[in-house]
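Participant: Chain by chain, the residues:
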Amino acid sequence: MNCPEKTQTYQELLSLKKDFEAAFVNFKSLGGLTHEERKEKVESIKQLIIEIKQKAESFDVWKNKLIKQEKEALLKYFGKAIDVPPIPAEITKEKMEFWKQNQFELHYSPGIEIKQTDNFPGQKKKLYDNFYNWIAESKISPDTNKLPTGWFLIDTRPKPQYDNGDQMFTNDILAPVLEELRKDGLIKNYKKTGSRFNVSHDELNILEVKNAFAKALRVKAEHIDLPPAAIYNYLGNAFYPVWGETNTWEWFKEKFKRGFRLSGGRSDGGGLSDVGCGSSGYRGGYLGFRLLVRFSV
Amino acid sequence: MFNMKKALSEAQEVGLELTRKMEEIIFEKQIEEFEAFGTELKQDVNDIKEILLEECPNEMSGSAVE
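Chains as they are written, first to last, in numbering that gives the first Met the number 0: chain A, 0 to 296; chain B, 0 to 65.
Incorrect hints may have been included.
Reference excerpt, derived from the structure (chain B facing chain A, CB under 8 angstroms, subset only) [stated by the list, open to error]:
hint	residue
1	D46
2	L51
3	L52
4	C55
Taking lysine to aspartate or glutamate and the EDC-like style, the derived pairs with C-alpha atoms no more than 16 angstroms apart in a straight line are [stated by the list, open to error]:
hint	chain 1	residue 1	chain 2	residue 2
5	A	K92	A	D59
6	A	K67	B	E49
7	A	K38	B	E32
8	A	K40	B	E32
9	A	K256	A	D142
10	A	K52	A	E93
11	A	K64	B	E53
12	A	K64	A	D82
13	A	K64	B	E39
14	A	K67	B	E53
15	A	K254	A	D201
16	A	K52	B	D46
17	A	K190	A	E178
18	B	K28	A	E42
19	A	K252	A	E202
20	A	K16	A	E50
21	A	K62	B	E54
22	B	K41	A	E207
23	A	K190	A	D165
24	A	K16	A	E56
25	A	K52	A	D82
26	A	K187	A	E207
27	A	K256	A	D59
28	A	K254	A	D224
29	A	K52	B	E32
30	A	K191	A	D171
31	A	K40	B	E22
32	A	K45	B	E54
33	A	K27	B	E32
34	B	K41	A	E11
35	A	K16	B	D46
36	A	K52	B	E39
Beta-carbon label-pair distances, calculated as ranges [said to hold, decoys possible]:
hint	chain 1	residue 1	chain 2	residue 2	range
37	A	E11	B	E39	12 to 22 angstroms
38	A	A80	B	M21	54 to 64 angstroms
39	B	A10	A	Q160	54 to 64 angstroms
40	A	T91	B	T38	22 to 32 angstroms
Simulated from the structure, these hints should not be mistaken for laboratory data. Built from N, CA and C at the ideal position, the CB exists for glycine as well.
All chains, full assembly: derive it from the sequences and hints.
Facilitator: Laid out in structure tokens, this is it:
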């Protein structure tokens, strides 16, 4: 829609809003109507609501709200205005609602390098020095401290507190998927068959495993990933400080030398600042994972 | 002696009263639902206005908008 069309639609929306408000006031004041008469009135208001929704949807209010929210979060974190591009077309309102119901949220990551010496206003829990030392020693890739660029879907659930390996992520959409994957032998069996713990990094990279996660989340398998350490730290500081408040830890995306992988988030290791490493085949009752979904920019 | 006609009439009265109450509850629920929509609509219209003021300042300043 161009600007004249948009303002025209807006005017129509205002007019429909007035109609709705008048119909509603009228409906509330009605007494002594028969069941049928009342039903008729309800139906006509509902029809009006449908029309209003259709008009309002053409403005993609939810997309604009989300962009605004991300701009504000970036400003608060980095202390400067950062431009946020449009939300990829493949992300629809229906998908967003489905992800929201399952505690997944969409965020924008601005592709900024986070140096050891940076002190951004929102960096309450910076990644520990060992992370930067590993970059300096070439144990991890030199761009590991750079936030990726683009829109990402992230599982927002807090990780649970350790309970003898029996702890579970709450209302977990992946629990039935993990049960199946364990049944099929793609992930090694565990006392809690739907648990996100005791899963190795290697297993999380098996194509069939990614396919199963992608199907559950209604995304493409090639977009399924684990959070990079820098984005975990940024999102944790900006939106989800609770991620660092429990004593379990979780896998990160990045490789460490000798086939190891990064992990972190352990409260008694520094919470959001914590970053460690373990063999990609390692599994344990303390170590879980959350998924991140990348979208093409 | 049991009066069948009276009992039926009383039962009918109770039934009618129940239906009236049910309809009242449905009516109240309906009002709540419309009220929530009205609040959301107000917010959406404000958001749209903000979007348009940013995207189409010329058209918005020239037109009779709320």
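Participant: Now look at each hint and say whether the structure bears it out.
Facilitator: These are the hints, each one checked on the structure:
Given the 8 angstroms rule on beta carbons, the hint for D46(B) holds: about 5 angstroms separates it from the nearest Cβ of chain A. For the restraint placing L51(B) at the interface with chain A, the shortest Cβ-Cβ distance is roughly 6 angstroms, inside the 8 angstroms limit, so the hint holds. The closest approach between the C-beta of L52(B) and any C-beta of chain A is roughly 10 angstroms, which is over the 8 angstroms cut-off, so the hint fails. The beta carbon of C55(B) comes within 4 angstroms of a beta carbon in chain A, closer than 8 angstroms, and the hint placing it at the interface holds.
For the given pair, K92(A) sits about 9 angstroms from D59(A) by alpha-carbon distance, which is consistent with the 16 angstroms threshold. Distance check on the hinted pair: K67(A) and E49(B) sit about 11 angstroms apart at the alpha-carbon level, within 16 angstroms; holds. At roughly 15 angstroms between alpha-carbon atoms, K38(A) and E32(B) fall within 16 angstroms of each other, so this suggested pair holds. Restraint check for K40(A) and E32(B): the C-alpha separation of about 14 angstroms stays at or below 16 angstroms, so the hint holds.
The hinted pair formed by K256(A) and D142(A) meets the criterion: a straight-line CA distance of about 15 angstroms does not exceed 16 angstroms. Restraint check for K52(A) and E93(A): satisfied, since their Cα atoms lie roughly 14 angstroms apart, inside the 16 angstroms limit. With a C-alpha separation of about 14 angstroms, the suggested pair K64(A) and E53(B) falls inside the 16 angstroms cut-off, and the hint holds. In summary, the hint linking K64(A) to D82(A) is supported, as the alpha carbons are separated by about 14 angstroms, within the 16 angstroms threshold.
A C-alpha spacing of about 13 angstroms is found between K64(A) and E39(B), which places the hinted pair at or below 16 angstroms, so the restraint holds. Between K67(A) and E53(B) the CA atoms are separated by roughly 12 angstroms; this keeps the pair inside 16 angstroms, and the hint holds. Restraint check: the Cα-Cα separation between K254(A) and D201(A) comes to about 11 angstroms, which is no more than 16 angstroms; the hinted pair holds. For the given pair, K52(A) sits about 14 angstroms from D46(B) by alpha-carbon distance, which is consistent with the 16 angstroms threshold.
Between the alpha carbons of K190(A) and E178(A) the distance comes to roughly 11 angstroms, so the proposed pair stays at or under 16 angstroms and holds. For the hint linking K28(B) to E42(A), the alpha-carbon distance of about 14 angstroms falls within 16 angstroms, and the restraint holds. Restraint check: the Cα-Cα separation between K252(A) and E202(A) comes to about 13 angstroms, which is no more than 16 angstroms; the hinted pair holds. Between K16(A) and E50(A) the alpha-carbon distance is near 10 angstroms, which keeps this suggested pair within the 16 angstroms criterion.
Taking the CA atoms of K62(A) and E54(B), the gap is about 14 angstroms. The hint holds against a cut of 16 angstroms. A threshold of 16 angstroms between alpha carbons decides the hint, and for K41(B) with E207(A) the separation of about 47 angstroms lies outside it, so the pair is violated. Restraint check for K190(A) and D165(A): satisfied, since their Cα atoms lie roughly 8 angstroms apart, inside the 16 angstroms limit. About 14 angstroms separates the Cα atoms of K16(A) and E56(A), which keeps this hinted pair within 16 angstroms; it holds.
With a C-alpha separation of about 29 angstroms, the suggested pair K52(A) and D82(A) falls outside the 16 angstroms cut-off, and the hint is violated. Distance hint between K187(A) and E207(A) is fulfilled; the C-alpha atoms sit about 14 angstroms from each other, no more than 16 angstroms. Distance check on the hinted pair: K256(A) and D59(A) sit about 45 angstroms apart at the alpha-carbon level, beyond 16 angstroms; violated. Taking the CA atoms of K254(A) and D224(A), the gap is near 13 angstroms; set against the 16 angstroms cutoff, the hint holds.
For a cut-off of 16 angstroms, the pair hint linking K52(A) to E32(B) stands: about 15 angstroms separates their Cα positions. For a cut-off of 16 angstroms, the pair hint linking K191(A) to D171(A) stands: about 13 angstroms separates their Cα positions. This hinted pair checks out: K40(A) and E22(B) have alpha carbons roughly 14 angstroms apart, not beyond 16 angstroms. Note on K45(A) and E54(B): the hinted pairing is violated, with a Cα-Cα distance of about 31 angstroms set against a maximum of 16 angstroms.
The suggested pairing of K27(A) with E32(B) holds, with an alpha-carbon distance near 12 angstroms, which does not exceed 16 angstroms. Straight-line distance between C-alpha atoms of K41(B) and E11(A) comes to about 14 angstroms, which keeps the hinted pair within the 16 angstroms bound. Among the hinted pairs, K16(A) with D46(B) is consistent with the structure: their alpha-carbon atoms are about 14 angstroms apart, no more than 16 angstroms. Using a Cα cut-off of 16 angstroms, the hinted pair K52(A) and E39(B) holds, with the two alpha carbons roughly 11 angstroms apart.
The supplied range of 12 to 22 angstroms is met by E11(A) and E39(B), whose beta-carbon atoms lie about 18 angstroms from each other. Between A80(A) and M21(B) the beta carbons are some 55 angstroms apart, a value that agrees with the proposed interval 54 to 64 angstroms. At about 58 angstroms, the CB distance of A10(B) to Q160(A) agrees with the hint of 54 to 64 angstroms. Range check, T91(A) to T38(B): Cβ separation about 25 angstroms, and the 22 to 32 angstroms hint holds.
The structure is inconsistent with the numbered hints 3, 22, 25, 27 and 32, although it conforms to all the rest.
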